[in-house]
Each structure stands twice: as C-alpha cells, then as structure tokens.
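*Asks:* Those sequence lines, one after another, are chains E and W.
Be aware that the first sequence starts at 1, since it is given in our numbering, and climbs by one per residue.
Be aware that the second sequence starts at 1001, since it is given in our numbering, and climbs by one per residue.
For the record, the hints were derived by calculation from the structure and aren't laboratory data.
A portion of the hints provided could be inaccurate.
Claimed, not checked - With a straight-line Cα cutoff of 30 Å, these simulated DSS-like cross-link-like pairs (lysine-lysine) come out: (1) E:LYS221 <-> E:LYS602; (2) E:LYS16 <-> W:LYS1080; (3) E:LYS419 <-> E:LYS176; (4) W:LYS1080 <-> E:LYS35; (5) E:LYS9 <-> E:LYS602; (6) E:LYS242 <-> E:LYS541.
To be verified - To give an idea of the chain E side of the interface with chain W (calculated C-beta under 10 Å), a few residues: (7) THR29; (8) TYR30; (9) PRO210; (10) GLY259; (11) GLU457; (12) ASP536; (13) GLY538; (14) VAL539; (15) ILE675; (16) ILE688; (17) SER708; (18) ILE714.
By construction, the Cβ of each residue, glycine as well, lies at the ideal position given by its N, Cα and C atoms.
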Amino acid sequence: MSAAPVLPKLVGERVKRREDPRLVQGHGTYVDDVKIFGLRHAAFKRSDVAHGRIRSIDTGAAEAMDGVEAVFTGTQIAEFLDPMPIGTPFPSPEHRAVATDVVRYVGEPVAVVVAADRYTARDAADAIVVDYETRPAVVNPEVAMTGHPTVIHADFDNNLAVPLVPSGTGVSPDGKTVDDSVVDKAFADADVVVSQRMVNQRLAPTAMEPRGVVAHYERGKGTMTVWSSTQNPHILRTFVAKLNGMGEDEVRAIAPEVGGGFGAKINIYGEEYVVSALSKRLGLPLKWTEDRSEAFLATIHGRDIIGYVDIAATRAGKVLGLKLRLIADVGAYNMLLTAAIPTLTMLMANATYDIPAIRTTLTEVFTNKTPTDAYRGAGRPEATYFVERGMDMLARRLDMDPAELRRRNFIPADRFPYKTQMGAVYDSGDYAKALDRALGNAGWQELQRERDAARAEGRLVGLGLAMYVEVCGLGPSASLPTGGWEHSQVTVERDGRISATTGASPHGQGNETTFAQMLADQFGVPFEHVRIHHGDTGVVKQGIGTFGSRSQAVGGTALHLAGAKVREKMAKFAAALLEAHEEDLVFEDGRISVQGSPDTGKSFAEVAAYAYVPVPLPAGLSPGLSEEAFFEPANNTYPFGCHISMVEIDRDTGELALLRLVAVDDAGNLINPLIVEGQIHGGLAQGIGQAMIEEVRYGGDGQPLTGSFMDYAIPRAADLPRFELDATVTPTPVNPLGAKGVGEAGTLGSTPCIVSAAVDALSGFGVTHVDMMLRPEKLWQIIHGGQA
Amino acid sequence: MAQVSITVNGRRRTAEVEPRLLLVHFLREHLDLTGTHVGCDTSQCGACTVLVDGRSAKSCTIFAVQADGSEVTTIEGLAKGDDLHPLQDGFWEEHGLQCGYCTPGMIMSSVNLLEDNPSPTEAQIREGLDGNFCRCTGYQHIVNAVQNAAARRSS
Ligand code: FES
Ligand code: FES
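Sequences and hints are given; from them, build the entire structure.
*Replies:* Pasting the structure below:
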C-alpha cells in the first residue's frame, strides 16, 4: 500500500500565478471596464498655461451641446468640495482639485464636464474657453529659490516648499541645533575630496493603465462606491469620505484589476474627489478615464532632485565624511506624500558604508511643473545614485578598483543592527557577500580584461558597479501618517476551504499567489483551496495598501499572524474530536492528525464542519474559524544588493548599448522566486530607463516638451539585454517571515552602475561625470567635442 | 451615423456608429469586449492590439468603419473553450505578465509574430514586439513566454 501523496511545501517555490488565467484571456476587470446602468462620463478642461490667473471661463458652448449634463468651473466646485488633503506634516499651500483663481502648471484642471458618453464629454471640454492673465513661469528650482521671476504661492517666500532642513552627524533629532565640528574635521583631515553637482532628473511613472475612477452614489441608501485605479483603496476611502462629508462606513472603495502603479497611484487625486463629489451631487454614476497625454501632465512625476555631493577620504580609500546638499523640485503643489519623499534621500545617505561623519541638507522648491511624489524607489534611488556616483568618482581619483573601494568602507556584517549617522537602524546585512557574488557572476576581472582589450581596438567599452541599500517594509506608524501597519483576516470556511483578506492591494505583485502559498503551507491544504481577497474595503475590513515594498514584509506578516490564530483555534477543535493534545497535532496533506499516526486523523473539512456546528462545544471555545491580525513592524527592513553593468558607446553615433546587467539582490527570505525575479526585472528596466532614455522636459515657459510617448521614451524589449540575476539571503529579524521586500530594488543599483559604466567608457576624454539621461547627442558631443 | 458589420471572434456584429468611433471603443463599449485595452493616444503602446483579417493591428488607430466587413479576433477569442492558446499558456507558464494590462496586446502581437516566424531568436522576438510596451516585466519573461509558446507549437 502506498502512502497518501503528501502536499509539497510551496513557500520558496516558483509557483505559477493564480491571477494569470483571467488576465491572459482578457477577463480581468480594470476600472475602465466597469459599467453601471445610467453611467455618465466626465472630462476635465486643463490649463494650457504654466502660470496665470483665470480672467474668465466661458462654458456656454459646452453646456449647449447635445448630451452634456452639466459643466462646473473650479469656483463652482469649491462651493461643495474642500481643498485636497495632504499626508505629510509640512506646511502646504491650498490645493484645489479644480483651480479657482490661479493656475500653476500646464494640466491643472480648471473645469469639468459631465456628459452622456466619453466622446461628447471630451468635445464639450474642448469647447470651454478660458481667458488667462499669464504670469512668468519658473521651471528651474535653483532659479525659483531666488524668488524670481515669480512667486508661485503667496505664503511661500522664494518658492521654498521646505526651507533648508539639516540632518546627520551633530544634528539634534528635532533638527534645531546643528554642530558641524565633526563633519568639518573629517573634511579637514582628508587627503582627497571629490565634489560633484548631480541631477537626478524628472521622470514619468507611466503605468500602462492610465488612472481612472468610477463613483456611484446611491441616493436611497446614502452610500457611495468608488472604483479607482489605486494602490491603496483604504486610504482612498478615508479621504473620499472626508471630503464628501460622509462616514467611512458609508463609502466603499474598490481597486479592481489595477494596471501598474509604481508609486503614482498612491496619491488620492483631484479627479477622484471631483468625480465622487459630482456623483453625489447629481445622483448619477460617473466615470473618468485618463488619456495618456493627460497622464503626462496630471499624474505625479517622480525624482527631480539636484545633489551637491562631497566625499572626503584618505589616500588609502577610507571615507571620512560625506556632505550631500539636496534641492528637490516638487512642482507646483504638495500632493499626498510629496514633501516626504526627498527626506528618504537624506535618510539613506549612509548607503552601505561605515561613514563616520555626514551632513545632509534638504531644500524643497515649488516650480510651475506637475507635482512630484513617490515613484518606484521614492527617495532611495536618489540617495543611492548620489553616493554611488560619488564613490565611483573617488575610486577613479584614487586609481582604485571601484569594488575594492566599496569593500574598504562597508558596514561589516557583524555590526548589525547598525545605527547610521542619519538615524536609521539597518536590520541586517552582509554587503561583502553580495558584492563578491556579483563580482564572481560577472567575472569582474575577466570583464576588465575584455574592456581593456576592446579599448585597445578603439572601442568605447565601460564597466560600472553600484551597491545599494534601501528602506522597505514601511511603517512603522510613527513614520507614516496613514498608519504603518497592515491587516489580514483568515477564515477557514465550513467546507474546509480558506478565504483570507489582505490590506495589501496588489497591482501586479501577485499576492493572490504568494499569500495562498503561505496559507497552504500553514494549514497543510491544497493551494487551490485558498483564496486571497484584496482591493475592496467592503470585503477587506482594514488595510493600508501596497507601496514602499511592504506587501510581503508587513502584509504577509499580518496574514501569517492571522493564520496562526485560526490554526491554533482549529487545533483545539481537532484535539477535542481526536481526544488528543493540540500540541501533538500536525496539519498535513489536508488532514489534522496526531504526529506519527496520520490514519487516526480527521480530514481538514471535517474539523472545519465541526467548528461551525460544535456539538458538543469544547470548553472555553466559541464557534467558528475566523481571526484577524494587525501587524505593526517595530522597524523597517533594509534590503540590499550589488548591480554591475557593461556598456559600449558607439563612437560615430554616441549611442549607448547595455551589454550586460548582473544583479545580486538580497531581499531576505523569498516566498516565490519566480515572482521576485519578475519584480527585479521590472525595477531594472525602470532604473535603466532613467539612466538611458527617460526624462520629463519643460521649456523655459513651463510648456511640457514630453507630453506623449512620441517624446517620452520608456524601454522597449529591444532596448534591454537579458538580465543576469542572483540572490543572497540575509533574513530580517524585524518580522517572523524574515522577508524584506523587493518591489523597488531593481531601480536602485542599475541607474548609477550604468552611468558609472558610461563614464568609464568615456574616461579617455577626461570625463568624470555625465548627468542623465545618457542620450546619444550628449555622449557624441563628449566624444567629438574637440573636433565638432 | 454609419452602419458597420464586423465579424468579431467568429460572430457577425452589426451596429450604427459614429464615423469617428475607434475600433477599440467599438469592441470595448459596444460589444463589451473589454480585454482589449487602451494605453496611449499616439498609437505606440500596443495595448489595443487585435487581429484584423489575421494580421495584428492597433485597434486605437483604426475607425470601426474602416474595419467594416473584416474579421477581427480579440484576446477573448483566442482560447478554444477551456483550452488556452499556446501563447496564453506560455505567458502563464513563464510569468510573462504582472499587472496584465499590456498582456492582451502583447499576446495578440505575438500571435502574428509566431505566424510569420514560428521559431524566432530572442533578438527577433525583442524586435518583433517593438510596438508593444510593458512597464512591469522588463520583457525578459515575455521573451521566455514567446519562446515557450514557440516550443509548444512545434512539438
Ligand atoms: S492604445 Fe493603441 S497603441 Fe496605445
Ligand atoms: S504586465 Fe503590466 S504593463 Fe505589462
């Protein structure tokens, strides 16, 4: 007789995704696929000037159109809609969802149309005529800081959104007292100092699904359902309820299938407030879907920060001190987290190094551009870029192998938890191990020989290397105004199947799969018997959402804890049925039985059925198998890794080709390596895109120059090489899973390692730094500068 | 208004439409075939790709009236009952999608690609998908998916 087949353990396996069968057949429901009887369509009229006062708005022609239900100007909307809420403690100028008086960037809404269909809505929006008294615009933050030629918000002198904030060595926790003596001494003692101004350019997050919202206020019930392409339906619910004067119990927010977010769909946008408010006011279901050309103007941008980097070191390559002066261009307004993002750049200035003296300062500046906010990596790629490019320049100055310079400065593996000069406590790390693995996988020395041989033939080949460490698994609550926990409820149903909810709100991350893997293992049941519900506040009682690489580390832990509670209770029911001690029970292969004697056990479904009809009810137990857990992490996690690239620049065209990209990433324990690889691939592509081809540009008058895919490039398949991935595993002690998070990792090391490789390739021309993006004409000019 | 008659996934559909109605909106809003997506307004992202008379085409770039009399296949028409098309299986098997928004278009373009070249090299796949953007995957698993499907088809 053969033993019953044992269900394989799934955590750590490359399990195919549950989400995919519906998505590959076109059966997913994204927000624009939502249809409701009586649905109307909204379209926004947007400012086409970068800065100006609205003299008049003529909505007559629009209102007269067949099929137009209503037209509202900003002033009319302001009568029933308060200004937009901000999620950071920084003072912020008033920001109306639809401008009432002054417009401050191209794309700012000035009126909204409600019509029977989307074509009519658009026609009507186009028919609105706005007369502006234009004002001078400013797009360069270092100019804007002088207060000339214009002041964008009356109460913010010199356009300073956040006046200089210091941080690091010798700065008191409240930032009020600053002692520069340690940092000054580090620089005085140094043999070498490298200094460079670097620009981390403005980017468009560009999820393939633009934003969209459907709101349905039901008059009879006094309740509202809002479908939105969002990363965090619970936060959306909170703010939409608040601005509509409703209770959180009266609003249900649904994130249906969401076609990518990359940070841009964390925000609660003006369109979400206006569409929900108009649905309530008109008593009609209402939809708005963003066009791509609208998205380039109206969805937040990312990065856009200047760093003045100074690194002081000894001749032997020991870094003594770092100064990082940051100027962030936040665009025209503060959005939900705008002001907080650059503070993460300060926080991560210590990078992977044991630097004893650091001074960072941050100034945030308003300009006449689209507001910035979180874009994949959100503050950490910027820190990584500035420090890693600085380290590369230092290695070049000292004529030292860039890998060797890193090694001499790493925080040693035995120093964790490690408190940085910036106040972060790195949970765990082994940076030398990741570096060594990457060097080995790349064949670093062989590559150096190849590069030198290619150079001898006159080819412009270069190598780059970057280390990174990022802060992930956001919370705890002290660091997030929305709360930094996550929530889950796990239910064993009467038939023994498992339903679980998670406050994480996946939009490509595959949590329906990874979380089902975890519960299948925890309960010893088939993967197919577990279903994960998410993205609907009517089903998922509480939650924060998906950002900051937190789904697994925070959401996964909440799920694990809720599962453990249910399992414990179920064991008590099983113990009563089996007349055994609950400590002796094993959950395996769809059965609960006494360890060592599987034949004596009961099927999982039998025990579940008993728990719901508990006759007799075991002493001390209540019926049912459904438990919830909130998990509040005590600290963040700090994943890390090493990325290496090889590039070649065409001497005749200046075109940069990425030949190799070798990555070693350490995200702690992994639930599903297949999904993790996918996350890293996507992050790498975005990091490479920043280095090579992506940049949001504005003319001096504030007119956007990159308003469509005609002008803003994102990587295509042929732009990228086959990535070479590997992982080291350093679990975090911060959560019981040992998982650190991996959603953003790919964007960190790839960008600086490619720029460093390009600089290496161009070193023969006396180049020590090139700002991104590395477009061909820029490189061509470096190559041909003398002769051009 | 103009009358169009288009055979979509094997079914003949006739409707009165505005002459300016895009084929993608005809599919999505008149026929409720929402598997075909819209990712841009400049004919670049490929999220809207369908087959028109067997060749891949960007349905945001064709008026419904231009497709009058054509045979259109959308992502919903690719599987045979419960049997997924080899490319659908390939994308599932190789984790060729994350958010899934680009996926229908990516698969429809790949159908055309494999019709023209049943065993493409990696470089040919990357070139062949030049008109389809994906922001999630970095394309590597998409390349694997197309290779997987090519192998399935030839076996
Ligand atoms: S929607 Fe058709 S190409 Fe983008
Ligand atoms: S899977 Fe999200 S855009 Fe391709």
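*Asks:* It remains to establish, for every hint, whether it holds in the given structure.
*Replies:* Okay, the hints, checked on the actual structure:
1. E:LYS221 <-> E:LYS602: Violated. LYS221 (chain E) to LYS602 (chain E) sits at ~46 Å, over the 30 Å cutoff.
2. E:LYS16 <-> W:LYS1080: holds, 21 Å
3. E:LYS419 <-> E:LYS176: holds, 21 Å
4. W:LYS1080 <-> E:LYS35: Measuring from Cα to Cα gives roughly 27 Å; hence the hint holds.
5. E:LYS9 <-> E:LYS602: The given pair, whose Cα atoms are some 20 Å apart, holds under the 30 Å limit.
6. E:LYS242 <-> E:LYS541: holds, 18 Å
7. THR29: holds, 7 Å
8. TYR30: holds, 7 Å
9. PRO210: holds, 7 Å
10. GLY259: holds, 3 Å
11. GLU457: violated, 23 Å
12. ASP536: Because about 17 Å separates ASP536 (chain E) from the closest Cβ in chain W, which is outside the 10 Å limit, the hint is violated.
13. GLY538: Interface hint status for GLY538 (chain E): violated (22 Å vs cutoff 10 Å).
14. VAL539: Violated - the Cβ of VAL539 (chain E) stays beyond 10 Å from chain W, reaching only about 20 Å at its closest.
15. ILE675: holds, 7 Å
16. ILE688: holds, 8 Å
17. SER708: holds, 5 Å
18. ILE714: The hint holds - ILE714 (chain E) has a Cβ within 10 Å of chain W, the shortest such distance being about 6 Å.
In this structure, the hints that do not hold are numbers 1, 11, 12, 13, 14, in rising order.
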